[in-house]
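Enquirer: Given the coordinates of chain A, work out where chain B should sit on it, guided by the hints.
For the record, the sequence lines run as chains A and B. In terms of the numbering used here, the first sequence opens at residue 59 and continues consecutively. In terms of the numbering used here, the second sequence opens at residue 59 and continues consecutively.
The reader is advised that the hints may include incorrect statements.
Since the list gives no way to pick out one identical chain from another, each pair is judged satisfied if it fits inside one copy or across any two copies.
The calculated DSS-like cross-link candidates involving lysine-lysine, where the alpha carbons are at most 25 Å apart (straight line), are [unchecked claim]:
#1 Lys179 to Lys204
#2 Lys137 to Lys69
#3 Lys137 to Lys71
#4 Lys207 to Lys71
#5 Lys225 to Lys71
#6 Lys225 to Lys69
#7 Lys71 to Lys179
#8 Lys71 to Lys204
#9 Lys262 to Lys204
#10 Lys179 to Lys207
#11 Lys225 to Lys258
#12 Lys69 to Lys207
#13 Lys262 to Lys207
#14 Lys262 to Lys137
#15 Lys179 to Lys262
#16 Lys207 to Lys258
To be clear, the hints were calculated from the coordinates, so they are not data collected in a lab.
Protein chains: 2
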Amino acid sequence: MDTFTPTPVSKVKRHPERGSYDRETVYAILDAGLVCHVGYALGDQPLVTPTIHWREGDRLYWHGSAASRMLETLAAGVKACVTVTIVDGLVVARSAFTHSMNYRSAMVFGTARPIEGREAKLQALQHLIDRLYPGRWATLREPLEKEIKATSVISMPIEEASAKIRKGPPLDYDYDMGEQVWAGTIPLTLVPGAPTADPKLDPKIAVPEMLARYALPR
Amino acid sequence: MDTFTPTPVSKVKRHPERGSYDRETVYAILDAGLVCHVGYALGDQPLVTPTIHWREGDRLYWHGSAASRMLETLAAGVKACVTVTIVDGLVVARSAFTHSMNYRSAMVFGTARPIEGREAKLQALQHLIDRLYPGRWATLREPLEKEIKATSVISMPIEEASAKIRKGPPLDYDYDMGEQVWAGTIPLTLVPGAPTADPKLDPKIAVPEMLARYALPR
Numbered sequence: 059m060d061t062f063t064p065t066p067v068s069k070v071k072r073h074p075e076r077g078s079y080d081r082e083t084v085y086a087i088l089d090a091g092l093v094c095h096v097g098y099a100l101g102d103q104p105l106v107t108p109t110i111h112w113r114e115g116d117r118l119y120w121h122g123s124a125a126s127r128m129l130e131t132l133a134a135g136v137k138a139c140v141t142v143t144i145v146d147g148l149v150v151a152r153s154a155f156t157h158s159m160n161y162r163s164a165m166v167f168g169t170a171r172p173i174e175g176r177e178a179k180l181q182a183l184q185h186l187i188d189r190l191y192p193g194r195w196a197t198l199r200e201p202l203e204k205e206i207k208a209t210s211v212i213s214m215p216i217e218e219a220s221a222k223i224r225k226g227p228p229l230d231y232d233y234d235m236g237e238q239v240w241a242g243t244i245p246l247t248l249v250p251g252a253p254t255a256d257p258k259l260d261p262k263i264a265v266p267e268m269l270a271r272y273a274l275p276r
Numbered sequence: 059m060d061t062f063t064p065t066p067v068s069k070v071k072r073h074p075e076r077g078s079y080d081r082e083t084v085y086a087i088l089d090a091g092l093v094c095h096v097g098y099a100l101g102d103q104p105l106v107t108p109t110i111h112w113r114e115g116d117r118l119y120w121h122g123s124a125a126s127r128m129l130e131t132l133a134a135g136v137k138a139c140v141t142v143t144i145v146d147g148l149v150v151a152r153s154a155f156t157h158s159m160n161y162r163s164a165m166v167f168g169t170a171r172p173i174e175g176r177e178a179k180l181q182a183l184q185h186l187i188d189r190l191y192p193g194r195w196a197t198l199r200e201p202l203e204k205e206i207k208a209t210s211v212i213s214m215p216i217e218e219a220s221a222k223i224r225k226g227p228p229l230d231y232d233y234d235m236g237e238q239v240w241a242g243t244i245p246l247t248l249v250p251g252a253p254t255a256d257p258k259l260d261p262k263i264a265v266p267e268m269l270a271r272y273a274l275p276r
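Extracted from the complex, chain A is given alone in its bound form (with noise of 0.2 Å):
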């Protein structure tokens, strides 16, 4: 089985049981995350910047305005932590203490840098439309040139990683058992709805099918 090697940065300390490092694990949890949270330093000062992410292989992508202030600092090769959580229901306990989520969190590590050259950049941004859209790049006009050059495009080689996943019901104790509380599980799913048309989309253009019954990543 393809793992990463945990280190004291990567190693999950807190339940340790719910901790993998199997590299399949990571990347579905990666692949099935709208957005991601990236952390890096400005000096002694952690900054957390949400931002859509996506990976291709061993390497996670992000990307951004040039001149933001994320992408500015990470160009200088910061270590980054990317962190992409999955909230999958309620935990309801027969305790205060045992209450929790169910979840799927990922927490990748590397030093980030902008990748360089317009083929690249292009084969990234393609990447990242077609994740979310399957097809919907070749369907669009060619990009600018000044579109291209606004917009930095952010790589991480993935060169440490964990995953932490919580399922099932409570884990209550044997001594609660006899608590006279409801005890159980909350399921909840980022649903998408029905799409809206822009005010000004010209009426006669229809909603494709891979819309119109949107499915997210997984």
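Expert: Same frame as chain A, now just chain B:
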């Protein structure tokens, strides 16, 4: 209007028109989010840990095992950045670069420390339970001393903060209005499903109305 004063750390640089420093706006996002991402640095290594949070007045709280690395580090008074992000929808546009997401995010900054004292800890944890499950704390048995000791509660005064919000239709360029592709938004909502009883639950205990028709915090 009660607003935070932006500094180079909290100022929204990318899409500044989406930024807000209004205390009420920031707090509404903190209160509506189920989980936060806590960023802090261990030396030059940033770490981003997802956890559940709650707010009372101008303080943000989160908790964890007294043994957790994050809380050990923060006990020494390390600076933290806590970000809450709520994804509200996908923005499908007429060109690749105008695709976006609708979201609400809040970044708050401060120096976090564990709270001391049995009563202060208990009161804070009651707020956590009752934020998610109004009235539930009163239905649960008294916490045990060993449970209280094993759990750290972290409190951070919200010293500085910003919000960033995108909503509404795609913002395409006038010169793209003739593109023959669909454009609009797809709303995304976190939806609670039907409660699932713990397999070990006494079948005579009914699910309370508050959980049967569970409404996420707003």
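Enquirer: Evaluate lysine 179 and lysine 207 at a C-alpha cut-off of 25 Å and name the case that applies: within, between, both or neither.
Expert: Intra 10 Å, inter 51 Å, cutoff 25 Å: intra-copy only.
Enquirer: For lysine 137 and lysine 69, with the copy left unspecified, which applies at a CA distance of at most 25 Å: within, between, both, or neither?
Expert: Intra 17 Å, inter 22 Å, cutoff 25 Å: intra and inter.
Enquirer: Is it within, between, both or neither when you check lysine 262 against lysine 137 at 25 Å Cα-Cα?
Expert: This pair counts as neither: shortest intra-copy Cα distance 49 Å, inter-copy 54 Å.
Enquirer: Quick one: lysine 179 to lysine 204, C-alpha cut-off 25 Å, is that within a copy, between copies, both, or neither?
Expert: within (13 Å within a copy, 54 Å between copies)
Enquirer: Are the CA atoms of lysine 262 and lysine 204 at most 25 Å apart within a copy, between copies, both, or neither?
Expert: neither (30 Å within a copy, 66 Å between copies)
Enquirer: Up to 25 Å between alpha-carbons, please classify lysine 71 paired with lysine 179: within, between, both or neither.
Expert: Between. Shortest inter-copy distance 22 Å satisfies the 25 Å Cα cut-off; intra-copy 37 Å does not.
Enquirer: Given a CA cutoff of 25 Å, do lysine 225 and lysine 69 count as a within-copy pair, a between-copy pair, both, or neither?
Expert: Result: close within a single copy only, 20 Å intra versus 38 Å inter.
Enquirer: Give the relationship of lysine 262 and lysine 207 under a CA distance limit of 25 Å: within one copy only, between copies only, both, or neither.
Expert: neither (33 Å within a copy, 65 Å between copies)
Enquirer: Between copies, within a copy, both or neither: which fits lysine 179 and lysine 262 at Cα up to 25 Å?
Expert: Answer is neither: 33 Å inside a copy and 60 Å across each miss the 25 Å cutoff.
Enquirer: Please sort lysine 207 with lysine 258 into within, between, both or neither, judging by C-alpha distance up to 25 Å.
Expert: neither (27 Å within a copy, 59 Å between copies)
Enquirer: When Cα atoms must be at most 25 Å apart, do lysine 225 and lysine 71 count as within-copy, between-copy, both, or neither?
Expert: Classified as within: same-chain Cα gap 18 Å, cross-chain 38 Å, threshold 25 Å.
Enquirer: Could you place lysine 137 and lysine 71 in one of the four classes (within, between, both, neither) given a Cα distance threshold of 25 Å?
Expert: Both. Shortest intra-copy (21 Å) and inter-copy (21 Å) distances satisfy the 25 Å Cα cut-off.
In this structure, the earlier hints numbered 9, 13, 14, 15, 16 are contradicted, and the remaining ones agree with it.
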